[in-house]
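Single-letter residue listing:
Protein chains: 2
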Amino acid sequence: MAADSRTNAGVDYISSYKKLFDLSLPEERAIIICTSGNLSVSQGVLTRLNRDIQNQEEKSLHTLGNMYDVAQYIGNKSREIQELDRQWLEKDNIDSRCNFLLAGQIKGEAPQLYLIYPQGNFIQATPETPFLQIGETKYGKPILDRTITYNTPLEDVAKCALLSLDSTMKSNISVGPPINLVMYETDSFDIRHKLELRLGAPYIAKIRKLWEQSVRQAFEAMPDIEWKQESSELEEDVLID
Amino acid sequence: MAADSRTNAGVDYISSYKKLFDLSLPEERAIIICTSGNLSVSQGVLTRLNRDIQNQEEKSLHTLGNMYDVAQYIGNKSREIQELDRQWLEKDNIDSRCNFLLAGQIKGEAPQLYLIYPQGNFIQATPETPFLQIGETKYGKPILDRTITYNTPLEDVAKCALLSLDSTMKSNISVGPPINLVMYETDSFDIRHKLELRLGAPYIAKIRKLWEQSVRQAFEAMPDIEWKQESSELEEDVLID
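Residue numbers (the numbering used here), protein chains in the order written: chain A, 2 to 242; chain B, 2 to 242.
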């Protein structure tokens, strides 16, 4: 799981908030949540998730018996906050929508990855669609589409996630560092690999440079375009073709 | 200038329409227009632009003295159609917005590139921002951001435009072939290089394969991530960090 930290409420109010949260119960369950969308809603949801853990509620991220129920529980928390705030936000045309990614593994189950929609419903990643994205997803999707399959080795997936986020940062100011990255190994029930890459981190600079060189090389290696030679004889065709 | 040909009115109504039009007056002026957005509006605008040429109106793409005035004239045509249709479209929440790219050269001027907004106002490309995009722009922007500068040779720019469109086609079903591409050389006052690449065109298959190989190589060459080793000691930190 990887996330940037940029939030904005218009270009004149840009700030930094983490969007990746480790809510694991080590040795028993690994739970990572990423957020996108309205910050007051996502913070509210996270606070309530943490409060239920701390208050040792019957239902919490640390007690629910399977990931499907965890996804439903997070969806319900999101609906709770929306019931409180949504009509007030709508009065000023403020978007209250929020997406969540939920990844992890509960003992007795396989590792799972869910995307929880603003409406509180959710979908699960499958072998055919092995990655899910939320937030500013388009810039970084081509890299993922061309490299990630269900069988891609874990370390390669991590690099690819970083490249995808870096591409997005380069093309869109609404995405920015630090980047948070965690890597989870099946049946470890603990998040052993974490990384926070701040602005100017040498690793980011290194992969960015390498990537830019590769892109340029690739595109220099491309065969020349075989133009269909046109001449003014065709000027009758006002529309091309 | 390059454009795909996919239009859709929802996933159950996908069809093919050209979005790149050569309206040049050979030996005197080169004028290429690309469109995105509501098809009835963009077709209406194109029809009116052609009609003014055919009727030898005082103001047309073939008579206006400079590209700035041409951009304003196209913006005004777009406003005309919107005045006719917009309130009817809005009744059914149909988006009437339409963007245009205008590129070319009129004798006596330097070549110019404009983006005309749905509101009829427009901006011009500059040495700092040498390319403009309309429509489904995000997937293809990272490749352009990393390769195109004001001084990139023309043939390289053409390849890069193809790669950018191909990336977008791979990641989004709302973009599809045929791809239309034209290349204009300053002071030629004629479009001498045109290309239409249909579904399954060998060149597209070739560059797609080459590009995918390069992306994979680049990303295999990336240095390993230097993980900050975390252990369960840090479990107190419910939020990462």
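Hints are supplied without guarantee of correctness; some may be wrong.
Stated by the list, open to error - Derived coverage of chain A by chain B (criterion: at least 3 residues anywhere in the stretch with Cβ under 8 angstroms from a Cβ of chain B; other residues may be distant):
#1 109-122
#2 162-172
#3 186-197
#4 202-213
Please keep in mind that the hints were generated in silico from the structure rather than gathered at the bench.
Built from N, CA and C at the ideal position, the CB exists for glycine as well.
Against the structure, the hints:
1. 109-122: Per the Cβ count (0), the hint is violated.
2. 162-172: Held - the stretch 162-172 of chain A has 6 residues with a Cβ nearer than 8 angstroms to chain B, which meets the minimum of three.
3. 186-197: Three-residue rule met by the stretch 186-197 of chain A, so holds; n is 7.
4. 202-213: holds (count 6)
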